[in-house]
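Listed below are the residues making up each chain.
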Amino acid sequence: MSLDTERPARPTHRRDSLGTGLPYRAGREPPGRGREFWWWVFMRVSGILLLVLAVGHVLIMHVIGGGVDRVNFAFVALRWQSPFWRTWDWLMLSLALVHGVNGLRVITQDYVRRPGVRGVINGMWLVIGTSLFALGSIVVFSFDPSRWPGVVK
Amino acid sequence: MAERRIDRRSSEFGSIYRGREGQWSWIAHRITGVAIILFLFAHVVDTALVGWGPNAYNKVVAVYRNPLIRLLELGLVAAVIYHALNGVRIMVMDFWPKAADLNRQLIYGTVGLYVASMIPITYIIVKPIVTKYIL
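Taken in sequence, the protein lines are chains L and W.
Using numbering that gives the first Met the number 0, the letters of the first sequence correspond one by one to residues 0 to 152.
Using numbering that gives the first Met the number 0, the letters of the second sequence correspond one by one to residues 0 to 134.
Hints are computed from structural coordinates only; laboratory data are not their basis.
Among the hints, erroneous ones may be present.
Partial selection, computed: residues in chain W whose CB lies under 7 Å from chain L [said to hold, decoys possible]:
1. V43
2. A47
3. V49
4. V59
5. V60
6. V62
7. P66
8. L71
9. G74
10. A78
11. A83
12. L84
13. G86
14. M90
15. T121
16. V125
No residue lacks a Cβ here, since even glycine has one placed at the ideal position from N, Cα and C.
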């Protein structure tokens with residue numbers, strides 16, 4: 000209980016809707032200032048964008064209109080004739096990778112306590128994320144179906 | 000021991016993400032998030048194969064037509080929809096402090112919306128598997 004007296008007072012007047020009988024703050028507060036604060040902002044902004052990009056992608060490709068049954072090379076070639084879908088897919092790729100890799104970093108920090116091991120694991124996420132971002136970006140922007148004539152009419 | 004537990008529970012985040020519904024929604028958000036990013040790592044590679052032509056890409060996409068992979072696909076869609084809806088709830092909590100009083104109601108609302116959206120999605124994904132491989 001000594002911890003409570005050392006910290007600045009928190010508002011405890013609100014009704015405790017979880018019924019745990021503990022004092023609590025109203026909502027989570029964003030983490031202080033600096034780098035972690037900007038990660039906090041990024042996770043929310045990219046989350047809103049991915050709500051459209053990723054949920055839309057999942058519904059279009061996996062649920063409505065026949066799902067993955069109709070997806071093949073010709074389908075992608077036709078789809079990527081439109082700069083709209085190329086931009087959609089590339090934006091989604093970038094945001095999802097950074098959002099996901101940052102999530103993995105936060106989780107690694109929660110569960111891996113030894114600084115050396117933590118650094119190695121987070122370095123691994125960074126390498127995987129960067130490589131896949133490079134691979135995906137190159138393919139999205141360099142894809143040219145005319146190299147395989149006859150596939151797209 | 001008891002003293003230490005009280006100290007830990009009354010510190011840091013308060014009770015919104017400790018115990019009961021708040022903690023379950025939090026752990027589900029983590030699990031679905033990890034599942035999605037691990038799938039994404041593989042998915043970027045399989046999609047990148049379009050750059051190697053129809054033979055390579057069509058061979059890999061054929062994997063998605065396997066009925067067992069179809070069930071995993073349903074799991075993926077379920078994870079994405081949950082992570083999205085619960086993410087909206089988290090943002091509501093973050094930017095509208097009064098929502099903290101309604102935390103439990105918001106969680107049940109999220110779960111309700113989630114179940115309601117997963118019913119048609121499950122039907123759409125599972126139906127072709129049943130008609131093709133079981134009936």
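Hint validity - W/P66 Cβ closer than 7 Å to any chain L Cβ: Cβ of W/P66 sits 12 Å from chain L, so the hint is violated.
Restraint satisfaction for W/V62 [CB to CB of chain L, less than 7 Å]: violated, 10 Å
Interface hint outcome for W/A83 [beta carbon to chain L under 7 Å]: holds, 5 Å
Interface restraint verdict for W/L71 against chain L (beta-carbon cut-off 7 Å): violated, 11 Å
Interface hint outcome for W/G74 [beta carbon to chain L under 7 Å]: Hint violated; W/G74 Cβ to chain L Cβ min 11 Å, cut 7 Å.
Given hint W/A78 near chain L, where the shortest CB pair must fall under 7 Å: The hint is violated - W/A78 has no Cβ within 7 Å of chain L, the shortest such distance being about 10 Å.
Proposed interface contact between W/V43 and chain L, which counts if any beta carbon pair is under 7 Å: holds, 4 Å
Restraint outcome when W/G86 is required to lie within 7 Å of chain L by C-beta distance: holds, 5 Å
Per-residue hint verdict: W/A47, partner chain L, C-beta under 7 Å: holds, 5 Å
Interface hint status, W/T121 versus chain L (Cβ within 7 Å): It is violated, given that the least Cβ distance between W/T121 and chain L is near 10 Å, above 7 Å.
Satisfaction of the W/M90 interface hint, Cβ to chain L closer than 7 Å: Because about 6 Å separates W/M90 from the closest Cβ in chain L, which is inside the 7 Å limit, the hint holds.
Supplied contact hint for W/V59, tested at 7 Å Cβ to chain L: At about 10 Å, which exceeds the 7 Å cut-off, the nearest Cβ of chain L leaves the hint on W/V59 violated.
Hint violations for this structure: numbers 4, 6, 7, 8, 9, 10, 12, 15 and 16, all remaining hints satisfied.
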